[in-house]
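Chemist: Construct the complete structure from the given sequences, taking the supplied hints into account.
If you read the sequence shown in my numbering, its first letter stands for residue 48, the second for the next number, and so on.
Wrong hints could be hidden among the right ones.
To be verified - Each computed DSSO-like pair below joins lysine-lysine, with the alpha-carbon atoms no more than 30 Å apart:
{"id": "1", "residue 1": "K121", "residue 2": "K160"}
{"id": "2", "residue 1": "K175", "residue 2": "K160"}
{"id": "3", "residue 1": "K219", "residue 2": "K160"}
{"id": "4", "residue 1": "K107", "residue 2": "K219"}
These are calculated hints, taken from the structure and not from any lab test.
Nothing here was measured: the structure is a model prediction, and the numbers come from that model.
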Amino acid sequence: MRITRIIALLVVVGAIWAVVWAFIDNENKVPSERIQVGAAAPDFEATTLTGEKITLKDYKGKRVLLNFWASWCKPCMQEMPLLNDIHMSSGDQVETLFINVGESKGTVSEYLKGHQFSFPVTIDVTGKISIAFGITALPSTFIINEDGEIAKIRLGEIEDYTLLQQWLEDAKNRK
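Modeler: Structure below.
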């Protein structure tokens, strides 16, 4: 009976130590692995809702507005009309890509049915793209310059059209 208690106690202490160590180890890794302005944007491959296969490197030589979102995210929904306006007004000067985080194709398609957005949408079901970009909050927006470098990172809703235009212009001049 006494040996059983000692073994159980050792197992519990070992489990607690493993959890604490994993937490400390992850805390130490996060800042160094988080993507920074000036870093090369991680390439990825995705399929749009219309079935087109794309990679980020397909857009090398162009500025890219990359937005991570979800249909349950109210700030994501609030900024979409503004981002669609940027997409429409930029023509071929800026590529706009929307990456849905973790929802099914049916959920995303159903949400988009009720809106008149013209931007391409992909779904990051596995989370690989989100992990590569270090997504910790939604919405998250990255502006990538013509050289494929991160020029601007915005966590949270974008509410100012003029400010977004300025960020895109700054990315153009960052070459």
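Chemist: Any hints from earlier that this structure breaks? Give me their numbers in increasing order, please.
Modeler: Hint 3 alone not satisfied by this model.
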